[in-house]
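> Top to bottom, those sequences are chains A and B.
With the first letter of the first sequence counted as 1, position 129 gets the number 129 in our numbering; the numbers rise by one all the way through.
With the first letter of the second sequence counted as 1, position 49 gets the number 49 in our numbering; the numbers rise by one all the way through.
These are computed hints drawn from the structure, not numbers from a lab.
Any given hint could be a false lead.
[Stated by the list, open to error] Which stretches of chain A does chain B cover? Using the computed rule of at least three CB atoms under 8 Å from a CB of chain B, they are:
{"hint": "1", "stretch": "24-38"}
{"hint": "2", "stretch": "46-54"}
{"hint": "3", "stretch": "57-65"}
{"hint": "4", "stretch": "98-111"}
{"hint": "5", "stretch": "146-157"}
{"hint": "6", "stretch": "183-190"}
C-beta: ideal position from N, C-alpha, C; glycine also.
So you can see what is in the structure, the chains are spelled out below.
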Amino acid sequence: MNHGVADDDSTLLTALRAGDASAFEQLVRRYGGRLLAVARRLLSNHEDALDAVQDAFLSAFKSVESFDGRSQLSTWLHRIVINASLAKLRTKRRHPETPIDDLLPVFLADGHRANPGVRWRHLGTEDLERQETLELIRSKIDSLPESYRNVLVLRDIEELETETVAQLLEISPGAVKTRLHRARQALRTCLDPLFGNPVK
Amino acid sequence: MTCRDALEILADYLDGRLTLAQQVAFRLHLGLCPDCRNYLDSYRQTVQATIAVRGDQAECESLPEDLVQAILAARQRGSNTE
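Pulled out of the complex, with its shape left as it was, chain B reads as follows (with noise of 0.2 Å):
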């Protein structure tokens, strides 16, 4: 197996999609790449990394009030033309 090999099926391995075979040569080329190891720790850190932002952003962020006025007027006229 090679790097390029290797980086393909990094997301099937994580997501342990790889049939025992790939499973198995996946991890003796780990085991022979300490590039491809670097790598696979820091592809694991991006998807944490990309995880934390969900938590973030102010999900008690609030509406602006001109908006929150805009949405129920609009629904207003939505039903008096009904």
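Next up, chain A with everything else stripped away, as it sits in the complex (with noise of 0.2 Å):
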């Protein structure tokens, strides 16, 4: 099976290096929409993911001699404007980070929690479709802390494998793992009013 580039993206791929101006409009106008999505992932600020996606098209032309072709053309701009978004991330000026314990569970002396959860409905595949559960969900994750944000949206919903993330935010794959588990929790607490009901 061939994984690397499709047969269309291989023609386009071929007129990048020949540098067809043409090429280049057709590139951005097939894969920018994607690629705006993943930056908004990471970049709460629209106009920032705007200008993280117009650096990784850059970025993209002027490395395109590069590329490889053993993976997909959407798979590598995918990780290009992932490191876009985040080197945005990095330039911005930063305010100290809330604290996640207080969205973390919390335990007695004896191990057990200190509050009863609040069991949650079940969820189907009608609720999360919904575009405002979606959107609620979103808002969520964007009130995330982001050291675990990042992880939380490089994981689970792009999909990146730990040592991938580990080395996109220069930390450990263990210190990968510990955020993204406290990040689901805290997701999950901030989840609680919305999906949970009261354990009675």
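Assembling the complex is the task here: the two chains are given apart, and the hints tell you how they should meet.
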């Protein structure tokens, strides 16, 4: 099975390497929307996401000759826009991050939870396809502290491997796993009011 | 195993990374602790909710036309200086 560039993209890639201006425009129009969606997941600010997409395409233009075609063109661009988005995050003036501890489970000295959990109702497909539900979930993800949100987005949404996320964020794989677990726990707490039924 | 212990290894349990001994201890705890059973269920659904976002947000959304033109113009400027 060929996991590399698809025939259609292969033609486009050949034209890109030849410096064909119309090929660059085709690339931007074909993949721009997808890249914007990825950038928006990492960058809460829409303008920053647009900037990251522009940076990503310019980076792609410069490096297209070194793209070996062993992966899909979309995969290659996906990685470039993630790098551009993370670079954008690093250049922004940072406020001290909100501690995540308030969103994590609290335990008593004997190891039991301090508060009984809220049982959730079952989430069906129709729940998770409803636009307002998805927007609410997205807003809760956006509200997580950045260092945890980035790991959640890169692992659970962008489906990158732990090692890859570790390299991108310059942290250890162990730190990725810990932050992912805590991000999920924090998000769960944020979603309690939406999906939880009080335990009777 | 306490609730603290169980929740700490929740992600590893879902990923199938626990040793057999850990799995047994974890499942024993779940059998005795409805609170942790509820937590596991809601944790799983949280992951599903996160994944659901992946399929949304207008994968078919287009870039604003002015951005498309700005990108092409920037690329052209870069080509002219080479």
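> With reference to the structure, classify each hint as holding or not holding.
Verification of the hints:
With a threshold of 8 Å between beta carbons, the proposed coverage of the stretch 24-38 of chain A by chain B holds, since 9 of its residues qualify and at least three are required. Coverage of the stretch 46-54 of chain A by chain B holds. Counting CB-CB distances below 8 Å, 3 residues qualify, and the rule asks for three or more. Coverage of the stretch 57-65 of chain A by chain B holds in this model, with 4 residues showing a Cβ closer than 8 Å to a Cβ of that chain against a need of three. Taking a C-beta to C-beta cut-off of 8 Å, the stretch 98-111 of chain A contributes 4 residues in contact with chain B, enough for the three needed, and the coverage statement holds.
A stretch counts as covered by a chain when three or more of its residues have a beta carbon under 8 Å from one of that chain; for the stretch 146-157 of chain A and chain B the count is 3, and the coverage holds. For the stretch 183-190 of chain A, the stated coverage by chain B holds: 4 residues have a C-beta nearer than 8 Å to a C-beta of that chain, and at least 3 were required.
Of the numbered hints given earlier, the model fails none.
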